[in-house]
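Model the full structure from these sequences, guided by the hints.
Chain residues, written in single-letter form:
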Amino acid sequence: MDAKKYVIRQISIFSENRPGRLAAIAHALGEEKINILAFSIAEANGFGVVRALVDHPEKAHDKLQSLGFNIAFTEVIAVKMKDQPGGLYEVAKILGDAGINIEYSYAYSGKDGAVLILRVDQIEDAIIRILDSGATLLERSVFH
Amino acid sequence: MFWDKKTETLKPADLKALQLKRLKKTLAQVQHVDFYQKRLAEAGVKASSIKTLDDIRKIPFTKKQDLRDGYPFGFFAVPLKKIVRIHTTSGTTGKPTVVGYTRKDLDTWSDLIARNMTMVGITEEDVFQNMVNYGMFTGGLGFHYGAEKVGMTVIPSATGNTKRQIEMINDFGVTTIHCTPSYAMHLSEVAEEMGTTMDSLKTGIFGAEAWSESTRKTLESRLGVTAYDSYGLSELFGPGVAFECPERDGLHIWHDSYLVEIIDPKTGEQVADGERGEMVVTPLVKEAMPLLRYRTGDVTLIMEDGCICRRGKKIARITGRSDDMLVIRGINVFPSQIEHVLLKIPEVGNQFMVYIDRINHLDEMTVDVEINRDSFSGELADLANLQKKVVKELRDALELRTTVKLVEPGSLPRFEGKAKRVVDRREVV
Numbered sequence: 001m002d003a004k005k006y007v008i009r010q011i012s013i014f015s016e017n018r019p020g021r022l023a024a025i026a027h028a029l030g031e032e033k034i035n036i037l038a039f040s041i042a043e044a045n046g047f048g049v050v051r052a053l054v055d056h057p058e059k060a061h062d063k064l065q066s067l068g069f070n071i072a073f074t075e076v077i078a079v080k081m082k083d084q085p086g087g088l089y090e091v092a093k094i095l096g097d098a099g100i101n102i103e104y105s106y107a108y109s110g111k112d113g114a115v116l117i118l119r120v121d122q123i124e125d126a127i128i129r130i131l132d133s134g135a136t137l138l139e140r141s142v143f144h
Numbered sequence: 001m002f003w004d005k006k007t008e009t010l011k012p013a014d015l016k017a018l019q020l021k022r023l024k025k026t027l028a029q030v031q032h033v034d035f036y037q038k039r040l041a042e043a044g045v046k047a048s049s050i051k052t053l054d055d056i057r058k059i060p061f062t063k064k065q066d067l068r069d070g071y072p073f074g075f076f077a078v079p080l081k082k083i084v085r086i087h088t089t090s091g092t093t094g095k096p097t098v099v100g101y102t103r104k105d106l107d108t109w110s111d112l113i114a115r116n117m118t119m120v121g122i123t124e125e126d127v128f129q130n131m132v133n134y135g136m137f138t139g140g141l142g143f144h145y146g147a148e149k150v151g152m153t154v155i156p157s158a159t160g161n162t163k164r165q166i167e168m169i170n171d172f173g174v175t176t177i178h179c180t181p182s183y184a185m186h187l188s189e190v191a192e193e194m195g196t197t198m199d200s201l202k203t204g205i206f207g208a209e210a211w212s213e214s215t216r217k218t219l220e221s222r223l224g225v226t227a228y229d230s231y232g233l234s235e236l237f238g239p240g241v242a243f244e245c246p247e248r249d250g251l252h253i254w255h256d257s258y259l260v261e262i263i264d265p266k267t268g269e270q271v272a273d274g275e276r277g278e279m280v281v282t283p284l285v286k287e288a289m290p291l292l293r294y295r296t297g298d299v300t301l302i303m304e305d306g307c308i309c310r311r312g313k314k315i316a317r318i319t320g321r322s323d324d325m326l327v328i329r330g331i332n333v334f335p336s337q338i339e340h341v342l343l344k345i346p347e348v349g350n351q352f353m354v355y356i357d358r359i360n361h362l363d364e365m366t367v368d369v370e371i372n373r374d375s376f377s378g379e380l381a382d383l384a385n386l387q388k389k390v391v392k393e394l395r396d397a398l399e400l401r402t403t404v405k406l407v408e409p410g411s412l413p414r415f416e417g418k419a420k421r422v423v424d425r426r427e428v429v
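Sequence order for the protein chains is A and B.
So the first sequence is numbered by our numbering: it starts at 1 and just counts up by one.
So the second sequence is numbered by our numbering: it starts at 1 and just counts up by one.
If you are wondering where the hints come from, they were derived from the structure by calculation, not from laboratory data.
Every residue gets a Cβ at the ideal spot worked out from N, C-alpha and C, and that includes glycine.
Be a bit skeptical, because a hint or two may be false.
[As the list claims (entries may be wrong)] Ranges of calculated distance between the beta carbons of each label pair, as one might list FRET restraints:
1. A/H56 to B/D396: 36 to 46 Å
2. A/E75 to B/A419: 34 to 44 Å
3. A/S133 to B/D424: 57 to 67 Å
[Stated by the list, open to error] Anything over 10 Å on all C-beta distances counts as not near chain A; from chain B, calculated:
4. E8
5. L18
6. R22
7. V84
8. G151
9. N161
10. E192
11. D229
12. T267
13. G274
14. E339
15. I345
16. E408
17. S411
18. R425
The structure is reproduced here in structure tokens:
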């Protein structure tokens, strides 16, 4: 099995916690006609990290870097959930039972159902365990 | 009241004669220090060069950096076995400045503090709570020994646990306190929260940081004390160098022990009485660590008028610094120390900005620092750890808790010429 095809490149952008920073990022991506598929902001003491799945991560990286943003790629996986009560539980239980730790996560609900984006400590192990348990992982090609 | 009336009220001619005698003695004492031997030889100053007090102008200045370069014991004029105590004070970069005392020095120093306390009417009847750091900072042990010499009942409460401090003040009937003015303000607020007053208090001695006349009024009404300004620096023993008398209009500096000059910090030339400049002091009574023309960096002036109390000429309250040293919660901080710390942390840039605020009467320092472009892993947790690391490194170097803000690379101002990296937003004195 090629686990790599399930590894998705998230872009992570360092941002100070002050007005206008998100607008600057979003404007840059819009200019390059880059579509944001999933998105979250994590905040700490005075600063934050903007995390996004985009259709053209390399292009997004280069554009934001050229504007002076501090940006890095992070590997995440995306698990399909049932868009109904108990949907999150099913996925979370698989991971919990498999002893896989979630560092952070965010979700979106699109036309093809709900998707949970996960950053885990052992990504390849996580892919194998999730697939073994019968859940569906979205392939990288779905996003970019 | 006088502790040493004869010395404190010496006539100008007698004082000058004593100063000259002691200056010559100090000049002999510094010959035991390699730095001074070399420095004086270079300047062509011999014992015979100093015939009058004005001849002091032939002697080169000593700067804080010189002391730092002598780390640790380069400025000791006596063997280490004769040194009975060491204190330190923060330097401009990593290493602190070390000061040493012989047994006689400790006696001289505590005697000067006894003069100050007696001058404002404190006696052996008083109960004294010393609410400053008792460690390497000279303020703790310095005042402790001086107060014991006066015969006061001394409570070495040091810092922290404000509620307990207030309980002790009330339970022990404390009449006199010594602390930083910002801590005194905090003390009064905590007492208010506790719903208590500190009725036994009469006298407050406040020093180690600059404070305004409006702070004096506030402290006096909130604490029920008469507030006195205390001045000193570790290089000149510590506290006790100058102190307000009951007139509270300028500080009496002990001219028999400290030869004072006010200079233009740019030219090094002396300025006239009444003109503001940097205070340069030659301590005349130090045994372990004699200094010549020490640049204090403190800006003041010699007041032209005499004082009703008959002691010598006063200096005005310190209005600032001639260098970039900051005093945060009584601790000396140089911006270069911050730079030095940041240079050692590869994940952050070397640009920084420092903001100083007074929040609830306590100084708070915020340091903005850029993260390095290459060190961003994309993980929030790594950034949070980096932030903690910078806080810890700064605390280790400055002995001060700071708030560190990580900012985006390239976002801090770049300076051409002299950098203005410090924004002090505390109330102006």
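Evaluated hints:
1. A/H56 to B/D396: 36 to 46 Å: Because 45 Å falls inside the window, the suggested range holds.
2. A/E75 to B/A419: 34 to 44 Å: Roughly 40 Å apart at Cβ, these two residues keep to the hinted range, so it holds.
3. A/S133 to B/D424: 57 to 67 Å: 60 Å, holds
4. E8: At roughly 53 Å from the nearest Cβ of chain A, B/E8 sits farther out than 10 Å, so the non-interface label holds.
5. L18: Consistent with the label, B/L18 stays out of reach of chain A, its closest Cβ about 58 Å off (over 10 Å).
6. R22: 54 Å, holds
7. V84: 46 Å, holds
8. G151: At roughly 51 Å from the nearest Cβ of chain A, B/G151 sits farther out than 10 Å, so the non-interface label holds.
9. N161: 27 Å, holds
10. E192: 31 Å, holds
11. D229: The claim holds: B/D229 sits with its nearest Cβ about 37 Å from chain A, beyond 10 Å.
12. T267: 44 Å, holds
13. G274: Holds, since 47 Å exceeds 10 Å.
14. E339: Label holds. Min Cβ-Cβ 21 Å, cutoff 10 Å.
15. I345: Given that every Cβ of chain A is farther than 10 Å from that of B/I345, nearest at about 16 Å, it holds.
16. E408: Since the minimum Cβ distance to chain A is about 6 Å, B/E408 lies within 10 Å and the statement is violated.
17. S411: 7 Å, violated
18. R425: Non-interface label on B/R425 holds, nearest chain A Cβ at 17 Å vs cutoff 10 Å.
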